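**Q** Which chain is which? The protein sequence lines are A and B, in order. Sequential numbering of the first sequence, starting at 1, is according to this note's numbering. Sequential numbering of the second sequence, starting at 1, is according to this note's numbering.
No lab work stands behind these hints: they were computed from the structure. These numbers were taken from a predicted model, which means no experiment stands behind them. Errors might be hidden in some of the hints.
As the list claims (entries may be wrong) - Across the chosen pairs, the derived CB separations fall in these ranges:
1. B:R115 / A:P228: 34 to 42 Å
2. B:P114 / A:S221: 44 to 52 Å
3. A:L239 / B:R135: 25 to 33 Å
4. A:K171 / B:L106: 21 to 29 Å
5. A:N72 / B:L106: 49 to 57 Å
6. B:I248 / A:R263: 25 to 33 Å
7. B:D66 / A:K171: 17 to 25 Å
8. B:R73 / A:V38: 37 to 45 Å
9. A:R263 / B:Q25: 45 to 53 Å
10. B:G29 / A:R23: 15 to 23 Å
As the list claims (entries may be wrong) - Per the computed footprint, the stretches of chain B lying under chain A, defined by three or more beta-carbons under 8 Å from a beta-carbon of chain A, are:
11. 49–56
12. 63–76
13. 106–112
Cβ coordinates follow ideal geometry from the N, Cα and C atoms, glycine included.
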Amino acid sequence: MSWHQPGPDFTNQAPPIHFPQWRGRIYAILGLLIGLGVAVVFATAVGSVQIPFFTTCHILFSKLPLVQVTHNWPGTLETIILEIRLPRVILAGLVGGALALAGATYQGLFRNPLADPYLIGVAQGAALGAVIGFLLPSPWHAMGFGIIPLLAFTGALVSTTVVYSLARVGKTLPVTTLILAGVALGALLGSIVSYLIISSGEKMHGIVFWLMGSFSLSQWSEVRVVLPYMVVGVVIILLYARSLNVMQLDEEQAQQLGINVERLKLVLLAAATLITAAAVSFVGTIGFVGIITPHAVRLIWGPDHRFLLPLSVLTGGIFLILADVIARTALAPTEVPIGVITAIVGAPFFLYLLRRRKRVIF
Amino acid sequence: MIKIEMQNVRLGYGRKVVLKDLTLQVMPGEMVGLIGPNGCGKSTIIRALSRIISPFSGKILLDGRDITKIPRRELARWLGVVPQMPLLPSAFTAFEIVLMGRNPHLGLFQYEGPRELAVTWRAMERTATPSLAERRVSELSGGEIQCLLIARVLAQETKAILLDEPTANLDIGRQVEILDLIKNLCLKSNLTVLAALHDLNLASQYCDRLVLINNGQVHAEGTPGEVITPQNIKEVYGAEHCVYTHPINGLPAVLLRSGNSQPANAGEKGGIV
Numbered sequence: 001m002s003w004h005q006p007g008p009d010f011t012n013q014a015p016p017i018h019f020p021q022w023r024g025r026i027y028a029i030l031g032l033l034i035g036l037g038v039a040v041v042f043a044t045a046v047g048s049v050q051i052p053f054f055t056t057c058h059i060l061f062s063k064l065p066l067v068q069v070t071h072n073w074p075g076t077l078e079t080i081i082l083e084i085r086l087p088r089v090i091l092a093g094l095v096g097g098a099l100a101l102a103g104a105t106y107q108g109l110f111r112n113p114l115a116d117p118y119l120i121g122v123a124q125g126a127a128l129g130a131v132i133g134f135l136l137p138s139p140w141h142a143m144g145f146g147i148i149p150l151l152a153f154t155g156a157l158v159s160t161t162v163v164y165s166l167a168r169v170g171k172t173l174p175v176t177t178l179i180l181a182g183v184a185l186g187a188l189l190g191s192i193v194s195y196l197i198i199s200s201g202e203k204m205h206g207i208v209f210w211l212m213g214s215f216s217l218s219q220w221s222e223v224r225v226v227l228p229y230m231v232v233g234v235v236i237i238l239l240y241a242r243s244l245n246v247m248q249l250d251e252e253q254a255q256q257l258g259i260n261v262e263r264l265k266l267v268l269l270a271a272a273t274l275i276t277a278a279a280v281s282f283v284g285t286i287g288f289v290g291i292i293t294p295h296a297v298r299l300i301w302g303p304d305h306r307f308l309l310p311l312s313v314l315t316g317g318i319f320l321i322l323a324d325v326i327a328r329t330a331l332a333p334t335e336v337p338i339g340v341i342t343a344i345v346g347a348p349f350f351l352y353l354l355r356r357r358k359r360v361i362f
Numbered sequence: 001m002i003k004i005e006m007q008n009v010r011l012g013y014g015r016k017v018v019l020k021d022l023t024l025q026v027m028p029g030e031m032v033g034l035i036g037p038n039g040c041g042k043s044t045i046i047r048a049l050s051r052i053i054s055p056f057s058g059k060i061l062l063d064g065r066d067i068t069k070i071p072r073r074e075l076a077r078w079l080g081v082v083p084q085m086p087l088l089p090s091a092f093t094a095f096e097i098v099l100m101g102r103n104p105h106l107g108l109f110q111y112e113g114p115r116e117l118a119v120t121w122r123a124m125e126r127t128a129t130p131s132l133a134e135r136r137v138s139e140l141s142g143g144e145i146q147c148l149l150i151a152r153v154l155a156q157e158t159k160a161i162l163l164d165e166p167t168a169n170l171d172i173g174r175q176v177e178i179l180d181l182i183k184n185l186c187l188k189s190n191l192t193v194l195a196a197l198h199d200l201n202l203a204s205q206y207c208d209r210l211v212l213i214n215n216g217q218v219h220a221e222g223t224p225g226e227v228i229t230p231q232n233i234k235e236v237y238g239a240e241h242c243v244y245t246h247p248i249n250g251l252p253a254v255l256l257r258s259g260n261s262q263p264a265n266a267g268e269k270g271g272i273v
């Protein structure tokens, strides 16, 4: 073996390797973007009133800027698509993307494959808030905005803040303490929620349905409320993708490679909690998307967060849009809770991936 | 070209004091070796210099600047560390691990462009690791990982390098290759190098200056000839009659023989008898 001594032949030529892999992942992002578009059109076309795919395309495209399409469809179709189905599909996409991204962030930050967006008490806090909302006397529900989402959002943020301050030791935040505090507080809040459900009488059905998640009441107003939180949170997390890669080494090496570990934890926890809270406050605590989507992406495209994060957003969005189509069509006119669908459809697919690629993924 | 200084530094964890009063200097272009028995605080010094732990008292200066005042990212552009047997994420490829060395040079809105890739590749070439580039960490041996860590610190392009047992997992051929490389960098690029070394022979061969640490303080300091003396080795390690002269370059060499162990630091720590 001979040593290549540093010499004047040093140029800025990129190495010949590694670009094929990166190019493949960039193509995957583009491919999933197209897939997302197709999923949106498909999901708006399918429903109790079947609308032809091309008519759906025409109606959707007519609303895009700079596109001229001649109107040749009945106004009722336009109402169904634009006012009933589209907000629901878009909300499902946003929530799926947010949960998958939050899951990937927690898994990366904690270096723990079992982490999911609900690990540090978001879900139980949101559930407690929502259940309190359900149990409030009816005058509260007559206010101009939804009291349940507001309480769920508040509950999620409060419980995570409590977990965070409990786990803090001086200026540092040991990850194990954080997870344990999250699990313990989660159990406490969960039992309070269970008690409230049991004693809730005829409101029990609504509560249980909310907990399992549903998009049945989605409107544009909800999309408008959720969107800013999502955009801010997603942009922040994506900016720290490289830092998350370095964090995979361990905290000591990450610091020696120039990462301010404590600040990184704070920023990413805040951003991931914000998008999770925004996601669950309107549609309930949908399970499975947040923990499994990042793993599926890792299995297929590898552990590099610069690709893992955007690919998780897109995959999670597509997955939840399609799961919601099944949720509202499988037993129409009855709606199946979407949490049931995500596990029934997602788990076998994930197990298949796990068997097919027998190699380390984390 | 930076100077590393520790002035009357007291180091430890929690309430336990590991190093009582340490004063140390490493000049640019100088390769200094930290030697001493297990648990004497070699790694602790490296962790303090890279600001993983902060001293109870005393000052650590980098070119005259207090390191607690230097932001982490800037510090990582001055000072690189090769840790001892670290945990690496097994699903990443070797190239991705070495590329992480570029992190301190990139801001929040920057990404690894052609220059970053070229520097990374170059660092791998210098440590003879390009053939590992697309292998996953889980498939690599301890020695190969050690070489990657050296490559990573080269990719980091720092002015000073701290090494914690850089040759621990390497066969003797690789030990010499890696230390030759580091020594060369030290001389040609005027790097400041501080290495914690277990192997007294390598320490003697490569270091300009040695610092022997025992019982929380500097036991001896100076050239290998001044530090690796029968007297010092007996006092610190409890081994007698093992210091010889290297037949080629006259530096001290340590040759062990069986049945020669004695409790080191008797009365203070005990030892394996």
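**Q** Please name the hints from earlier in the document that this structure breaks, with their numbers sorted from lowest to highest.
**A** When the structure is compared with the hints, numbers 6, 9 and 10 turn out to be violated.
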